[in-house]
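Student: Whenever a hint applies, use it, and build me the whole structure from the sequences.
One line per chain: the protein sequences are Y and R, in this order.
Read the first sequence against the numbering used here and you will find it ends at 627, with the numbers running on by one and no gaps.
Read the second sequence against the numbering used here and you will find it ends at 687, with the numbers running on by one and no gaps.
Worth flagging that the hints you see were computed from the coordinates, not collected in a lab.
Computed from a predicted structure; not experimentally measured.
We put the beta carbon where it would ideally sit given N, CA and C, even for glycine.
Treat the hints with care, since some could be wrong.
Stated by the list, open to error - Sample of chain Y residues lacking proximity to chain R, with all beta carbon distances greater than 12 Å (derived):
hint, residue
1, Lys296
2, Leu305
3, Leu324
4, Gln364
5, Asn590
Said to hold, decoys possible - Computed Cβ-Cβ distance ranges for the label pairs, DEER-style:
hint, chain 1, residue 1, chain 2, residue 2, range
6, R, Leu460, Y, Arg476, 44 to 50 Å
7, R, Glu491, Y, Lys432, 24 to 30 Å
8, Y, Lys560, R, Arg473, 56 to 62 Å
9, R, Gly537, Y, Lys432, 28 to 34 Å
10, Y, Asp511, R, Leu675, 53 to 59 Å
11, R, Leu541, Y, Leu500, 40 to 46 Å
12, R, Arg647, Y, Gly295, 54 to 60 Å
13, Y, Leu500, R, Leu538, 37 to 43 Å
14, Y, Lys328, R, Ala661, 40 to 46 Å
15, Y, Lys432, R, Leu541, 35 to 41 Å
What the hints assert, rightly or not - To list a few chain R residues with every Cβ distance to chain Y over 12 Å, as calculated:
hint, residue
16, Ala436
17, Ile446
18, Leu538
19, Ser546
20, Val548
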Amino acid sequence: MSLRLTTLAAALMLAGSAYAADQIKVGLVSTLSGPGAGLGVDIRDGFNLAMKHLNGKLGGLPAEVLIADDQQSPDIAKQAADKMLKKDKVDFMTGIVFSNIMLAVGPTVFENKTFYISANAGPSQYAGEQCNPFFFNVAWQNDNLHEAVGKVVQDKGYKNVVIVTPNYPGGKDAVSGFKRYYKGKVAEEVYTKLGQLDYAAELAQIRSIKPDALFFFLPGGMGINFVKQFVSAGLSRDTQLFAPGFSADEDVIKAVGGSMLGMFNSSHWAHDMDNAENKRFVADFQKEYNRLPSLYASQGYDAAMMMDGAVRDVKGKVGDKAALQKALEAKRFKSVRGDFKFNTNHYPVQNYYLRAIGKDANGRVTNKTMGTIFTNHADAYVASCKMK
Amino acid sequence: MLQLFLEQALNGLQFGLMLFLLAAGLTLVFGIMDCINLAHGSLYMVGAYLVAAAAQAADSFWIGLGVGVAGAAVLGLLLELSLFRQLYKRDHLSQVLATFALILIANEAVRVIWGAQPVMLNPPDALAGPVEIGDFFYPAYRLVIIAFGLLVAGLLYLLVAKSRVGMWVRAGASNREMTEALGINVRALFTAVFVFGTALCALAGGLLGPLLAVQVGMGESVLILAFVVIIIGGIGSIRGALVGSLIVGSVDTLGRALLPTLLRALLPADAASTLGPALASILIYLLMAGILFFKPQGLFPARA
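Tutor: What follows is the structure in structure tokens.
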């Protein structure tokens, strides 16, 4: 009996690689509670909107999306991912917001030979030496948006810059990314506590330095507070604000309001980009959730579309990992950011744009695309990636 | 340099006074009723959300502040009557468990009602910019907060030190049984103190809302500081809460402002940039340990 069962199981497993699956399962682990929840909620909502556009199917096959909240904790994320991989046997995973969580969950996913399509976290490790055939990032490498801001600040001729970031690895990456393209004087690097909300002491220090430009990377609630307090301290008169798109997207604008007018930021996507996919995405997102989408939402949407295109390409035979990897690398979908391609380390080679916060035709405070900063920009780590 | 020093001193004062609004309620509830209320921070959060919602509905920050604080006080009343009354006679472990559960419930409830994203609460337009006195700039709104804090501290002093109710409160803090024996309606007094404490922390939440983000979980981080304040000041003592708040406020502000610069003069730049912020954030805990070493009951123990 047990022999027959084993044979049957073996036969089924063989069949798995030869025949099309009858259902695609996706595990989405994201930060859906706590101060970082806004980001994860947008990724989830973007992903769900794509599933709606695809009539609940991926590559023509019925799809099931399992969603779990990691509470911004690497341990909880790992448990949730383990369950999805071992018990639910998902075909794809996605959703993680923060790089430290990604690095904790990654090894289990790769060991299990499951493809991870990152809709946000783009740690340098997975772009360089630890790059992995099963890891794709559909958004960017962490440094990219900071590099783009550095380039803008350099090109606009600012000479005396203060940098503000939280004192954690992501903050240090932001500084190195920014300084890779900004070559002028950095008057001060201010490191704050992660999660700090009152910046009065730092702002007084900045006032005494009198920089002509200020670059800050403060995700979520931290950025909201910083901008509000920066403006109310009267510093915006002499100092121009620059930030990566994370600190100046719809989630932050909604909370800060008019104080952000005139602020420059960088992004690979903007809601006013002129292509058919984006127009449909932005219009339907507003209809569905009654708010403008953020870049996180666009990344969640693209992650689902990327899975859809790849599954369609292999005709549903997701058991054939080599073929599926090729299909993912070939990028068989139309992104809402327009065209881009994957580099050898499975990170995007794409354009980065300058956005400024202004008022749109309806008088709503929002981002406007001003121009292109980088064309077909690759990350700095790809050279040390030996993809197997 | 003078500008920098003056600005940092005002920042410390402003931060300290807001901590005082939080710590005053906490120290009274802890000192008089011997009840550890971990959910004090949640009341601060709920207060901020109520103020934000009311301000949006009324399109006026000041009306929102009044309505929000009143709403939070009503909530505090209901909580005291339904839950806290049962907790006073129980041991500290039950109180910690029950009020911790309240934190989780409050966070989830706020998320269900207002969503996971931070809510916008802006100061009145007239106060959005800085005040200029010659070369000196300071955010107008922070000045208003300082004024509010001083006003509440003054009123509280009059109430606690000069009024009959204040006498009962002080008596209750130093010896509860004796106060009951003298025929004071301690039950009603407890309810009043709890509601008052809730209103104060909602006021802090509403006033800080435009400076900080009104978001889920905003109460927990500030609660820890409020506990540090009442431990430094002496549990149950309003005067201790005021002194403790001002000490914590200025030490935290000055530490963040001066330590990194100071260390950079002594250490290599990369070591200083790592050590400075880390040291600045543990400074108040070092201070607390130091004060407890010399004064285990805090600076102004209520039951001295």
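Student: Grab the minimum beta-carbon distance between Leu305(Y) and chain R and tell me whether it stays above 12 Å.
Tutor: The claim holds: Leu305(Y) sits with its nearest Cβ about 20 Å from chain R, beyond 12 Å.
Student: Can we confirm that no CB of chain Y comes within 12 Å of the CB of Ser546(R)?
Tutor: holds (33 Å)
Student: Is 54 to 60 Å respected by the C-beta to C-beta distance linking Arg647(R) and Gly295(Y)?
Tutor: Holds, since Arg647(R) and Gly295(Y) (Cβ atoms, about 57 Å apart) stay within the stated range.
Student: Quick one: work out the minimum CB distance from Asn590(Y) to chain R and report holds if it exceeds 12 Å, violated otherwise.
Tutor: With a cut-off of 12 Å, Asn590(Y) remains clear of chain R, as the shortest Cβ separation is near 28 Å.
Student: Would the least Cβ to Cβ distance between Gln364(Y) and chain R come out above 12 Å?
Tutor: Gln364(Y) clear of chain R: closest Cβ-Cβ about 20 Å, beyond 12 Å.
Student: Please check whether Leu460(R) and Arg476(Y) have a Cβ separation lying inside 44 to 50 Å.
Tutor: holds (46 Å)
Student: Find the nearest Cβ of chain Y to the Cβ of Ile446(R) and say whether that gap is larger than 12 Å.
Tutor: holds (19 Å)
Student: Hey, does Leu538(R) actually stay past 12 Å from chain Y on C-beta?
Tutor: holds (25 Å)
Student: If you check the beta carbons of Glu491(R) and Lys432(Y), does the distance land in 24 to 30 Å?
Tutor: holds (26 Å)
Student: Given a hinted range of 28 to 34 Å, is it respected by the beta-carbon distance of Gly537(R) and Lys432(Y)?
Tutor: holds (32 Å)
Student: Does the Cβ distance between Lys432(Y) and Leu541(R) fall inside 35 to 41 Å?
Tutor: About 37 Å separates the Cβ atoms of Lys432(Y) and Leu541(R), which means 35 to 41 Å holds.
Student: Would you say Lys296(Y) is clear of chain R, with no C-beta pair closer than or equal to 12 Å?
Tutor: Non-interface label on Lys296(Y) holds, nearest chain R Cβ at 28 Å vs cutoff 12 Å.
In the structure shown, no violation is registered for any of the earlier numbered hints.
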